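Colleague: Here is how the chains run, residue by residue.
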Amino acid sequence: MRRRVRTILLLTLKDLRRRLADRLALALNLAIPLAIAGTMALVFGSRPGEEPQAPKLRLVVADLDGTPATGIITGASQNQEAAKHLDVSVAATREEGLSHMRDEHFAALVVIPKGFSDAMLSGRQATFEVVKNPAESVMPLVAEQGAGIAALYLSTGRRLLGDDSKTLAAMLQGDDWQDSAAIAALATTMYARVHGAGNWLFPPIIGVKTEQKAAGGTNGFNFIAWMYPGLIVMGLLYVALMQMRDLLRERRSGTLRRQLVAPVSVAEVLLSKLLAVAAVVAVSMVLLLAAGALAFHIDWGAPLPLLATAAAIVFTTTGFAALLYSLVTTERQGEAFGGILVMVMSLLGGSFVPPQVLPGWLQSISRFTVSHWAHDALRWIVAGGGWSDIAQDLLVLAVLGATFIGIGWAGLSRRYARGAL
Amino acid sequence: MSPGSRVAPPDRARETPLVVDDIRFAYGKTRAVDGVSFEVRAGEIFGLLGPNGAGKTTTISIISGLLPPESGQALIFGREAGGASGASRARMGVVPQEIALYEELSAIENVRFWGRLYGIRGAALEPAVRLALARAGLAERAKERVSKLSGGLKRRVNLAAALVHSPDLLLLDEPTVGIDPQARLHILDVVKSQAREGRAVLYTSHYLEEAEQICDRIGIVDHGRVLAIGTVAELKRLAGEGPVIHLRGEIGVDRLQEMAGRLAGVSLLGSSGGAASFAALDAAACSALVRDLFQSGLRVEDLRIQEPNLQSLFLKLTGRELRD
Chain B
-19 MRRRVRTILL LTLKDLRRRL ADRLALALNL AIPLAIAGTM ALVFGSRPGE
31 EPQAPKLRLV VADLDGTPAT GIITGASQNQ EAAKHLDVSV AATREEGLSH
81 MRDEHFAALV VIPKGFSDAM LSGRQATFEV VKNPAESVMP LVAEQGAGIA
131 ALYLSTGRRL LGDDSKTLAA MLQGDDWQDS AAIAALATTM YARVHGAGNW
181 LFPPIIGVKT EQKAAGGTNG FNFIAWMYPG LIVMGLLYVA LMQMRDLLRE
231 RRSGTLRRQL VAPVSVAEVL LSKLLAVAAV VAVSMVLLLA AGALAFHIDW
281 GAPLPLLATA AAIVFTTTGF AALLYSLVTT ERQGEAFGGI LVMVMSLLGG
331 SFVPPQVLPG WLQSISRFTV SHWAHDALRW IVAGGGWSDI AQDLLVLAVL
381 GATFIGIGWA GLSRRYARGA L
Chain E
41 MSPGSRVAPP DRARETPLVV DDIRFAYGKT RAVDGVSFEV RAGEIFGLLG
91 PNGAGKTTTI SIISGLLPPE SGQALIFGRE AGGASGASRA RMGVVPQEIA
141 LYEELSAIEN VRFWGRLYGI RGAALEPAVR LALARAGLAE RAKERVSKLS
191 GGLKRRVNLA AALVHSPDLL LLDEPTVGID PQARLHILDV VKSQAREGRA
241 VLYTSHYLEE AEQICDRIGI VDHGRVLAIG TVAELKRLAG EGPVIHLRGE
291 IGVDRLQEMA GRLAGVSLLG SSGGAASFAA LDAAACSALV RDLFQSGLRV
341 EDLRIQEPNL QSLFLKLTGR ELRD
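Residue numbers (my numbering), protein chains in the order written: chain B, -19 to 401; chain E, 41 to 364.
Incorrect hints may appear among the rest.
[Claimed, not checked] Pairwise CB distance ranges (calculated):
1) E/Leu343 - B/Phe317: 33 to 41 Å
2) B/Ala382 - E/Asp229: 51 to 59 Å
3) B/Lys36 - E/Ser187: 47 to 55 Å
[What the hints assert, rightly or not] Below, simulated SDA-like cross-link-like pairs (lysine to any residue); rule was C-alpha separation at most 20 Å, straight line:
4) E/Lys194 - B/Arg232
5) B/Lys36 - B/Gly128
6) E/Lys194 - B/Arg229
7) E/Lys183 - B/Asp(-5)
8) E/Lys194 - B/Gly128
9) E/Lys188 - B/Lys146
10) B/Lys36 - B/Trp206
11) E/Lys183 - B/Asp2
12) E/Lys194 - B/Leu236
13) B/Lys146 - B/Ser102
14) E/Lys69 - E/Val306
[Stated by the list, open to error] The following residues of chain B were derived to be distant from chain E, with all beta-carbon distances above 12 Å:
15) Arg(-14)
16) Leu66
17) Ser245
The hints are simulated quantities; they were obtained by calculation from the structure and are not laboratory data.
Please read all numbers here as calculations on a predicted model, not as lab measurements.
Cβ atoms here follow ideal geometry from the backbone N, Cα and C, with glycine treated the same way.
Same shape as in the complex, but just chain B (with noise of 0.2 Å):
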């Protein structure tokens, strides 16, 4: 047994002290990770001291109706509050709002068709048309739900207005509009019932409590924070697959079979191959934290929970990459295959867009990726989950990887049987 140790852990450390005897290689290897992530932090604007944003919601408003009523909501982006999160762009007509939409990239088109103030004041169906931009990936949905609670406000607000609508109607429209007796009368009218309905709404039954986890201590949305994660487990796949190409390499040269004509065993020889690239990755992952902490202020949680997550991921990569080098016959397949798939599964299990976008069948599909769970996981690490939170991701990563290892050991133990190793 000793001598087994001793024998894996040589071959362990034969493989280590290489890659740092190549240290410009090992140096771009773990750079790859970290450049795609200082790319990220750029093109979303989050950088080191500076207060995180969320991204503007940018809209295309074409107001057919014309009302002071409507004029409310196309200036909406002159409010000092509202002009942080809102970009709001007029249009005269529905055409020139589409244009207008495609061509400066906004999410969507609002577009109030004429009558809307009237219907609406008069308690008629009103209907306002949300034309969202396809070419864009998250802000649309975000417009067409803004969209849905501005039809629920104006639904209320309308309900509560009862009949002094007509007459705020008449006043919108210019009638009446200097009688300020009639005005001071409306707007008593307006504050007892909303005083009333006061009492049947509030306090609400249902509160809800947002605990916002402090980014760098601000309380803004930091969208690198929410991204990182993502970026991290994209970036550990691409090194456990680098670092597992070694095996062919090591075929190509000869040295695999020079070490298996040594006393050593096959299994000694891919074990120590397995604890060199996870000893790679888990260095690669120990930088990615630093660097999210360092560079984009993310607040890492409580240690052992995130301890035992990246202990999780760092198995599950590695097993992944096993599992691709048992399958390919030459390096350029793996890296062709690898990177591919590395693609797919960042796409599908979150890197860049959150899962819950994807139609319900590619949700499911990406129930089966390593970046599915290991993003959940280091997700709610980063919002400040505990271990109950993060003990389903846990679970699944350790399957998956322990699953990767068993059919990647089975299949390289298969081809030293056939003299192909």
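Following the hints, put chain E in place on chain B, whose structure we already have.
Modeller: Frame of chain B, contents of chain E only:
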């Protein structure tokens, strides 16, 4: 000298460094090794001589435990190399055909790694590493990265890595391919010194001169079979006393066959692409063939008479030349 008659009886196998007994192996439908048998004794250099693709490397792979034979067995001091314990592999040093080294590491780091892998530890390691490097003539280049060394020096490191644990049996698979004459001579000297120290050496090559120069006994292989085994002198005798006549020109196979059939003591060994080879029983038969060739009116552009050697034996056995 028949190919299958040199195998040690079972009771002697434990003392014999290498006994190969009727091993067979095929890659799919291609039979690479087809009933190969021989043995290598302590202090002996045994050469497996044959062209590329003859089955030499597959034979070495079976002996070293990388490939399981379909039938037959290869025993190292009475044990199969493929055994789980690795005890027989520990007594064996293998110099593969490729330069199987870690290019990122220095020569000494490589040799040290292989020494540790073969179980040398503690105070014994460094002297063993230094000795192996010195034997390979690398003492002054030991700290250089392998990637920076020339092809010849890499071959020497390749050899040193197999010598570091002082194996009782040394398997060398074409260890001098693609290197300059000086490096080749050095490697051959090291191999000879290993045999002098009592080690058994199995040496594969397709270089005739090398085999003639260093091997005590040679097995000639082609298409996975051992065609003849013996000392260089024995094999030369097997080649016969008569010379081999090679000619090139505008020659018709039918005319050559007719000529060989008509002349006593002359046989056509082979012909292709405007070249042909004849075996003559003695000098008189050789003279008769040459005279007939010039009188036949055939346009002979080149004619070469070769004294009997391993090349001519290979030609006689296989009908084709063993080319470098």
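Colleague: Could you run down the list of hints and mark each one as holding or not?
Modeller: Going through the hints against the structure:
1. E/Leu343 - B/Phe317: 33 to 41 Å: 59 Å, violated
2. B/Ala382 - E/Asp229: 51 to 59 Å: 53 Å, holds
3. B/Lys36 - E/Ser187: 47 to 55 Å: 53 Å, holds
4. E/Lys194 - B/Arg232: At roughly 16 Å apart (the allowed maximum being 20 Å), B/Arg232 and E/Lys194 satisfy the hint.
5. B/Lys36 - B/Gly128: Holds: B/Lys36 and B/Gly128 sit about 18 Å apart, inside 20 Å.
6. E/Lys194 - B/Arg229: Satisfied, since the Cα-Cα distance of roughly 18 Å is no more than 20 Å.
7. E/Lys183 - B/Asp(-5): 19 Å, holds
8. E/Lys194 - B/Gly128: 73 Å, violated
9. E/Lys188 - B/Lys146: 92 Å, violated
10. B/Lys36 - B/Trp206: Answer holds: B/Lys36 to B/Trp206 is near 16 Å, not above 20 Å.
11. E/Lys183 - B/Asp2: 16 Å, holds
12. E/Lys194 - B/Leu236: Roughly 17 Å separates the two Cα atoms, so the pair holds.
13. B/Lys146 - B/Ser102: Given that 20 Å is the threshold and the Cα spacing comes to 6 Å, the pair holds.
14. E/Lys69 - E/Val306: Violated: E/Lys69 and E/Val306 sit about 37 Å apart, past 20 Å.
15. Arg(-14): 8 Å, violated
16. Leu66: Label holds. Min Cβ-Cβ 56 Å, cutoff 12 Å.
17. Ser245: B/Ser245 is in fact no farther than 12 Å from some Cβ atom of chain E, at 7 Å.
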